[in-house]
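Relying on the hints, combine the two individually framed chains into one complex.
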Amino acid sequence: MKRMTEGVTEGASPVAPPLPAASPPGGVTASPGRVAGGPGPGGAAPGRKSRRGRAGWAPWIYLAPALVVIGGLLVYPVYQLGLISFLEYTQAQVSGGEPTTFQGFGNYATLFGDEQFWQVLLATVVFAAACVVATLAVGCALAVLLTRVRALPRLALMLAALGAWATPAITGSTVWLFLFDPDFGPVNRMLGLGDHSWTYGRYSAFALVLLEVVWCSFPFVMVTVYAGIRAVPGEVLEAAALDGASQWRIWRSVLAPMLRPILVVVTIQSVIWDFKVFTQIYVMTNGGGIAGQNLVLNVYAYQKAFASSQYSLGSAIGVVMLLILLAVTLVYLRLLRRQGEEL
Amino acid sequence: MSALSSVKSLRLLRFPTRLRVRRPWRLAAEASALLIAAVVAFPLYWMVLSAFKPAGEIESTEARPWTLTPSLDSFRRVFGQQEFGRYFVNSLLVAVTVVIVSALIAFLAATAVTRFRFRFRTTLLIMFLIAQMVPIEALTIPLFFLMRDFGQLNTLGSLILPHIAFSLPFAIWMLRGFVKAVPEALEEAAYIDGASRARFLWQILFPLVFPGLVATSVFSFISTWNDFLFAKSFIISDTSQSTLPMALLVFYNPDKPDWGGVMAASTVMTIPVLVFFVLVQRRLVSGLGGAVKD
Numbered sequence: 001m002k003r004m005t006e007g008v009t010e011g012a013s014p015v016a017p018p019l020p021a022a023s024p025p026g027g028v029t030a031s032p033g034r035v036a037g038g039p040g041p042g043g044a045a046p047g048r049k050s051r052r053g054r055a056g057w058a059p060w061i062y063l064a065p066a067l068v069v070i071g072g073l074l075v076y077p078v079y080q081l082g083l084i085s086f087l088e089y090t091q092a093q094v095s096g097g098e099p100t101t102f103q104g105f106g107n108y109a110t111l112f113g114d115e116q117f118w119q120v121l122l123a124t125v126v127f128a129a130a131c132v133v134a135t136l137a138v139g140c141a142l143a144v145l146l147t148r149v150r151a152l153p154r155l156a157l158m159l160a161a162l163g164a165w166a167t168p169a170i171t172g173s174t175v176w177l178f179l180f181d182p183d184f185g186p187v188n189r190m191l192g193l194g195d196h197s198w199t200y201g202r203y204s205a206f207a208l209v210l211l212e213v214v215w216c217s218f219p220f221v222m223v224t225v226y227a228g229i230r231a232v233p234g235e236v237l238e239a240a241a242l243d244g245a246s247q248w249r250i251w252r253s254v255l256a257p258m259l260r261p262i263l264v265v266v267t268i269q270s271v272i273w274d275f276k277v278f279t280q281i282y283v284m285t286n287g288g289g290i291a292g293q294n295l296v297l298n299v300y301a302y303q304k305a306f307a308s309s310q311y312s313l314g315s316a317i318g319v320v321m322l323l324i325l326l327a328v329t330l331v332y333l334r335l336l337r338r339q340g341e342e343l
Numbered sequence: 344m345s346a347l348s349s350v351k352s353l354r355l356l357r358f359p360t361r362l363r364v365r366r367p368w369r370l371a372a373e374a375s376a377l378l379i380a381a382v383v384a385f386p387l388y389w390m391v392l393s394a395f396k397p398a399g400e401i402e403s404t405e406a407r408p409w410t411l412t413p414s415l416d417s418f419r420r421v422f423g424q425q426e427f428g429r430y431f432v433n434s435l436l437v438a439v440t441v442v443i444v445s446a447l448i449a450f451l452a453a454t455a456v457t458r459f460r461f462r463f464r465t466t467l468l469i470m471f472l473i474a475q476m477v478p479i480e481a482l483t484i485p486l487f488f489l490m491r492d493f494g495q496l497n498t499l500g501s502l503i504l505p506h507i508a509f510s511l512p513f514a515i516w517m518l519r520g521f522v523k524a525v526p527e528a529l530e531e532a533a534y535i536d537g538a539s540r541a542r543f544l545w546q547i548l549f550p551l552v553f554p555g556l557v558a559t560s561v562f563s564f565i566s567t568w569n570d571f572l573f574a575k576s577f578i579i580s581d582t583s584q585s586t587l588p589m590a591l592l593v594f595y596n597p598d599k600p601d602w603g604g605v606m607a608a609s610t611v612m613t614i615p616v617l618v619f620f621v622l623v624q625r626r627l628v629s630g631l632g633g634a635v636k637d
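Chains as they are written, first to last, in my numbering: chain A, 1 to 343; chain B, 344 to 637.
Read the hints as simulated data drawn from the structure, not as lab findings. Heads up, some of the hints might be wrong.
Reference listing, derived: stretches of chain B covered by chain A, where coverage requires no fewer than 3 residues with Cβ under 8 Å from a Cβ of chain A [claimed, not checked]:
hint: 1; stretch: 395 to 403
hint: 2; stretch: 454 to 468
hint: 3; stretch: 483 to 494
hint: 4; stretch: 506 to 520
hint: 5; stretch: 569 to 579
hint: 6; stretch: 591 to 597
hint: 7; stretch: 616 to 622
To give a feel for the contact side, a few chain A residues facing chain B, derived at Cβ under 7 Å [to be verified]:
hint: 8; residue: P59
hint: 9; residue: L63
hint: 10; residue: P77
hint: 11; residue: A164
hint: 12; residue: T171
hint: 13; residue: T174
hint: 14; residue: F178
hint: 15; residue: S315
Here are the simulated SDA-like pairs of lysine to any residue, each with C-alpha atoms no more than 20 Å apart in a straight line [what the hints assert, rightly or not]:
hint: 16; chain 1: A; residue 1: K276; chain 2: B; residue 2: S566
hint: 17; chain 1: B; residue 1: K575; chain 2: A; residue 2: L73
hint: 18; chain 1: A; residue 1: K276; chain 2: B; residue 2: P478
hint: 19; chain 1: B; residue 1: K575; chain 2: B; residue 2: Y595
hint: 20; chain 1: A; residue 1: K276; chain 2: B; residue 2: K575
hint: 21; chain 1: B; residue 1: K575; chain 2: A; residue 2: G288
hint: 22; chain 1: B; residue 1: K575; chain 2: A; residue 2: Q303
Ideal Cβ placement from N, Cα and C applies to all residues, glycine included.
One chain only, chain B, in its complex shape (with noise of 0.2 Å):
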């Protein structure tokens, strides 16, 4: 109760951070701002009036920033050639899989590290801090021999396990903090209360770190959604099996590249993304904040 209280007093005496800056000032930095922001968001809008774009005014030397005339022809063609909704779904559960697997095991392991003390702890906890240096591509080699002895070759597992190793480290490292800020008392009260330590920890400690599993869920899911090295590596003759990536590269021929259709399929690709982030951004920058007030 003393943390709250603190707390709370520290922000009444707090000010804006804003300083007083003089109007004119204050004008052109927003200026500035609001153009920046437009440039930022360039990029995105240019990809999606692209995808609108009927490939009259995408291969004319003119590059309107706009267009009249909006079809779905790009649209048409990403979702008609290959199994495009099929690996739409592949990406998806290769993606969701690790997000919710990786979320429950970092959350175990996060609150060994944060709730006990036991030898070899901090050792661990460096270690886990070295895995996260680790470059994965590097390990594209190995991984492959790994997965073709194990039969995994071909197969969406060969891109959800490794995925689940890779950001366990970090999802553990993100979450200590999050499990920390749980007070002891807390568990101390459930277990005078009777509750079993399974009991807490599912009923009482998982939902208090939620909103932390959200946050760093983030940073797992758009690893794996990104990911195309391993997708290109592992599935090499099982087609079906391909994720999103995979299917946004056949339209990319850097010889001719099929502009429509590429930015057709990397909205489609980054529209989950947004969405995720969109949702889970509140925890996100309080995660990122260090700021646990849930």
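Same shape as in the complex, but just chain A (with noise of 0.2 Å):
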């Protein structure tokens, strides 16, 4: 536990100066070498010149494995879906039974022309939304909220946050359904809601796996945003609270801008995150809810593939989800190199 409490606050404290230099997951942000402007291969010029001379074949070499595993099992496999998406894909051609025929766009236009798909997809954005707002707001205020008290419960906070984060999401999704259940859960006894069923309605099992999903991702903002406002100079929050700004002033007007790299970061991942939520719907509603009133594309594409075993339809899906993230990826690199981030 001691160990916890030296982690927690010291190593958040940060060795950067002004602008937090984060790198969370899928994070760019400034290298610590290069922002402490110590003599990091990526801060100084002079150095690069020496290298470039002797580079040759080593990177290559060096990258090798890696770029034999991705190439074969991401690349490869991300070939094969769209591949298969432009083709007549069902039990008879897995089996063998009949030849593969090309399609063209022939499973486009089934899934577009579906009433479901539009719905699935709709769904999936608004609940996506709902999440990744949730989540940095909750994770957000939390973070601020840490910066306010002392060390026993910022401890307390962060355990239990390291507790959630931890928490593997099939866990998390029985756990959470066990507190809703109707005839056992707890939580239905607190609010004295009787047998209230929290999965049957569309909207409140939404809302079930939307708080599931919120307990386990706020985690991750907290602590990053948390490492990020210990990187803001104290001085500078001095200097507005003498200014007489209030709390929510600071944060929107000194705060907020500053952790701007750090805010980037973190709801593009959340996005990302959020958009691609899985097992919390597969477990919490059994397989995307009564009818499929609560499934997201990613359930949905594994749906139509293995329980109906329409792999060129599952794969279509799945292209549009990948399309949908290619476009996310692409505006996420824009606002790097608007920050004038060197890769």
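Following this line, the structure appears as structure tokens:
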């Protein structure tokens, strides 16, 4: 426990100057070496020249294992996914009973002509947006709260958050289901709701999944933003407070702009995670809810492919997801570029 | 050295970030922090509590937040039914293999993209970034066929291989910062002292980057440990190769779940991740803060 305190406070304490240098998952942010003005390889231009001479094949040898694995097990499957989405691919083709036939955009036409697809797409976007907003709001609010309290409450909140973070999605899902169980769950008892079923209604089921998603994903935002706030020099906040700025005003006009790089990273990361939510929906709504009312794209693709053996339709849904996420990634890259980030 | 001293002076200048908050406000903030901590921790508390409750108390409409007669019945059921121990070992085997292999491969790749300048370097980095966005669930379909063609279905390899591939892009991104932070002068000095490139890589760079590797490995460990989609899709007939999430779902029958069993299995599944988190949280938080101090 002692180590924990030290770790949390000390680890988060910044070495970096005003603009917080965080590199959270997927984060592309200033590298510590460069920001600290140290002789990091990314920093000094002169050192670069000498190395360019002797680079040769060496980097490619170092990269070889990664490229082989990623190429074979990620790029190739993505290519195949695209390919299958243009073919007629059902159980008959899988077992070799019938030859695969090229469908062109036939699968996509089927998909886009299906009303359920649009319904699921809308549900996915709205659900992901709600999750992102809720996660960011809770994470940022608690990060600010962490800077306002003494060590003990901070440790308590940190520990609880790390616990939620560490909980595997599947156990988190079953535990939250149990908490809201109509017969034996404590929540209905506490709220006096009788045997109200949370998973029966479409919106209450989505709300329940949202609670679980926020619970397990806010800690990442909280810890990252907290580390960022700690990196903001005290004088700045002190000055704002002396000028009579309110808490909200300080957050909006001082902290938020300074934390922008970090906020961009956690937002994009949350968008990507929440858009791809699978386990929670699959487990908590039992594979997509009553009559598929709680389907999101990811689960929808899986159900199409593996439950009804329409592999090509499932692949087409996968391709649609991929394209949407690619668009998000491009926005992300643009934002990074605008911040003048060197890759 | 100049970097070090400038960091130090920055630190001296810095105030505690906490603002002087008036007393009643601070007490209110602390009370709410404790309350929120309790709410956040509640699901985990309830999970462990329910795992220890005797069957009669779980299936009671009282839902008391304590138990006076803890029992190990649920755990016995979990470890007795099915080959739970075996699933546990399988899960651990898969996760540990993925963590080690992907850490080593990512270390080499991160070194390449940070210590060398070469053509396509930036393109490659962007590719790694884009690769992170790929929804792995969507790839279940082509991966299923790939594993079938390689005869890997129903083996642990069908879980290990894809997870290595999926954890690599992110691991490389995250490690970049750690490798960059190692001063270049160190590399020059090593070569001047006659160290070979391999010697520098494994005996100097590797130990220095190790904390970063640990922070990174948390993410690959979690995603591998959590996976149930691949386990569900690729391990179809040979249940002896199954992993923990599948064993958990055995107890979870949507119509009439065995809550005691589910909670006990969930507890068993959560504990290794918690242990791992507590062990590496220091590295994790500093890794997220981007501060490499060692």
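Query raised in the report: Looking back at the numbered hints, which does the structure fail to meet, lowest number first?
Result: none
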